[in-house]
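Visitor: Listed below are the residues making up each chain.
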Amino acid sequence: MSIDPALAFRGTSLTFANGTRALDGIDLEVRPGEFVSLVGPSGCGKSTMLRLAAGFETATAGAVDVNTGHLGYVFQEATLLPWRTVARNVELPAELAGVPKAERREAARDAIERVGLAGFEKHRPSQLSGGMRMRASIARALTMKPELFLFDEPFGALDEITRQHLNSEVGNLFVRDGFAGVFVTHSVPESVFMSTRVVVLTGRPGQIAADIPVPFDFPRDPELRYTPAFANLAAEVSAALRGAKQEAAA
Amino acid sequence: MTATLETPVETTGTEAPQRKRTLWPFKTAPIRVFAPVAVFVLVIAAWAASSHLLVPEASRFLLPPPEAVIAEGLLDPMARNEILTALWNTVQVALCGLAIAIVLGVLFAVVMSQTRWAEFSLYPYAVVLQTIPILAVVPLFGFWFGYEFGSRVIVCVMVSLFPVITNTLFGLKSVAPAEHDLFTLHGATRFQRLWKLQLPAALPAMISGFKISGGQAIIGSIVADFFFRQGVPGIGRMIDVYRQRLATEELLTALLLSSLVGLCLFWAFDLLAGRVDRMHGKR
Ligand SMILES: Nc1ncnc2c1ncn2[C@@H]1O[C@H](COP(=O)(O)OP(=O)(O)O)[C@@H](O)[C@H]1O
Ligand SMILES: [Mg+2]
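If you read the sequences in order, they're chains A and B.
Residues 1 to 250 (the numbering used here) are what the first sequence spells out, left to right.
Residues 1 to 283 (the numbering used here) are what the second sequence spells out, left to right.
One chain only, chain A, in its complex shape (with noise of 0.2 Å):
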């Protein structure tokens, strides 16, 4: 491939303060078109290199080259401030970024429409479900049109059914934008069904142990989830998993 990658992490290593390795020399590139899920044992440093990828860390060896400066950041909870309606929390970005009103208003609303919650602008976040609280959180990171889009298991306290529908839209917006995504889960059948490749991780300290392409087409039907061929992939996914959790108990 010709196209620079978005997010490249070269050799990076990252122990913390407190003596925590909690990656150990992790090379991975991740292009525009490529939808990356990360995949490991809980506490593996899946998001700490979504922290390192959006500067909330700093490699303690090796580097990480961020080619973009769209970067759109979806955390584990909503991480919706409670006394701003949804429309107000979809408009922080641009806010913090000195965007005149009208502007931020018009591409706060563009982007709730998007996620498909248009009519709950005025909604403040605890007249939300889990789910439409998640849409809210997406659309917010929808405003910055990422180029590069990381999620961290945003999906994990949702329902299976909301979760699917969700695992769709996301498909949809990237095969719109086509931005490189990366996405941590825990769920083997989401990892494959989101994305072109998956990743999986030891044990901490993190390294990669398998790297295993998708080649399924965009858009995905949520059926495809019954098929054959994504059974299979799915227990590569997994068998690589184990092998990854056995070595960090050895």
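Treat the hints as calculated values from the structure; they're not laboratory data.
We put the beta carbon where it would ideally sit given N, CA and C, even for glycine.
One or more hints might be untrue.
To be verified - Derived list of chain A stretches under chain B, where covered just means 3 residues or more per stretch with a C-beta under 8 Å from a C-beta of chain B:
#1 31–41
#2 62–75
#3 122–136
What the hints assert, rightly or not - Listed next, the in silico DSBU-like pairs over lysine-lysine satisfying Cα-Cα at most 35 Å (straight line):
#4 K211(B) - K145(A)
#5 K173(B) - K101(A)
#6 K282(B) - K27(B)
#7 K145(A) - K173(B)
#8 K145(A) - K101(A)
#9 K101(A) - K122(A)
#10 K173(B) - K282(B)
#11 K282(B) - K211(B)
#12 K145(A) - K122(A)
#13 K27(B) - K145(A)
#14 K101(A) - K196(B)
#15 K145(A) - K196(B)
#16 K211(B) - K122(A)
#17 K173(B) - K122(A)
#18 K196(B) - K282(B)
#19 K27(B) - K173(B)
#20 K122(A) - K196(B)
#21 K196(B) - K27(B)
#22 K211(B) - K27(B)
#23 K196(B) - K211(B)
#24 K245(A) - K196(B)
#25 K173(B) - K211(B)
#26 K196(B) - K173(B)
#27 K245(A) - K211(B)
With chain A held as given, fit chain B with the ligands onto it using these hints.
Guide: Positioned in the frame of chain A, the structure of chain B with the ligands alone reads:
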């Protein structure tokens, strides 16, 4: 692919239920009114019973029954005016002190929240405010600042500052790490973080602090007045006068009305807290 996602939105799970129509026309639940009223009636009854049945006729002036207190403390225009005028002076001092304590306390807490250096160097002294025996300080303030309004206000500020500082500081620091990350991600300035994240998040805790400080300020105002024995008299001085005169009816009236003022202040903050909680989606 269409630009818009078309999957239907799930219905909201936590919409406030429609309130049922009943004979009770108020927002507050009946139990919130009847329960305290019942306690009030019981206490008054116990008071009346003790006064009439336990205390011998000759020393009944030590614990006059409720009806005597109402007659001599509230219904007697002379006593009533005397008490209400004094109380108003006390309340003015207290409110002024409280307002200053709120402004100063929030300011201190904000400064302390911004740098560890400021927090570590100032916090111990905020605690000292709480531990200084106010009775020893009042006469000193009298010597230094005189016995009028300003001096009394300083006493009130001193006793009501600490709850504002601690609660505000606690609130400012209670912001979830993910919310801080969000602001970091979008390059928020220190001021934006404070104004758009920390202060709004701290509001409920701040108001809890104001509630405590309100009561403290009134007590401060009364104590200053009681020990100054000079300057425009407030309810503290009247309490002293009634004590010397063995005017228990007036003494009790002054006591009850002072508590009532504190209670009203508390309610006012409670109302405000309710609004803030609704704003935060908590009620
Ligand atoms: N700020 C920090 N200081 C010390 N240790 C941390 C810090 N943040 C995370 N860790 C530790 O680093 C490891 C990786 O964390 P994380 O990336 O959150 O794991 P996960 O793969 O579950 O997302 C965990 O053991 C966690 O406890
Ligand atoms: Mg994590």
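Visitor: A separate judgement is required for each hint: does it hold in the structure or not?
Guide: Hint by hint, here is what the structure shows:
no.	hint	result
1	31–41	violated (count 0)
2	62–75	holds (count 3)
3	122–136	holds (count 11)
4	K211(B) - K145(A)	violated, 45 Å
5	K173(B) - K101(A)	holds, 29 Å
6	K282(B) - K27(B)	holds, 16 Å
7	K145(A) - K173(B)	holds, 31 Å
8	K145(A) - K101(A)	holds, 18 Å
9	K101(A) - K122(A)	holds, 16 Å
10	K173(B) - K282(B)	holds, 19 Å
11	K282(B) - K211(B)	holds, 19 Å
12	K145(A) - K122(A)	holds, 23 Å
13	K27(B) - K145(A)	violated, 45 Å
14	K101(A) - K196(B)	holds, 16 Å
15	K145(A) - K196(B)	holds, 23 Å
16	K211(B) - K122(A)	holds, 31 Å
17	K173(B) - K122(A)	holds, 28 Å
18	K196(B) - K282(B)	holds, 19 Å
19	K27(B) - K173(B)	holds, 33 Å
20	K122(A) - K196(B)	holds, 18 Å
21	K196(B) - K27(B)	holds, 31 Å
22	K211(B) - K27(B)	holds, 22 Å
23	K196(B) - K211(B)	holds, 24 Å
24	K245(A) - K196(B)	violated, 42 Å
25	K173(B) - K211(B)	holds, 20 Å
26	K196(B) - K173(B)	holds, 14 Å
27	K245(A) - K211(B)	violated, 53 Å
Hint compliance for this structure: hints 1, 4, 13, 24 and 27 are broken, all remaining hints hold.
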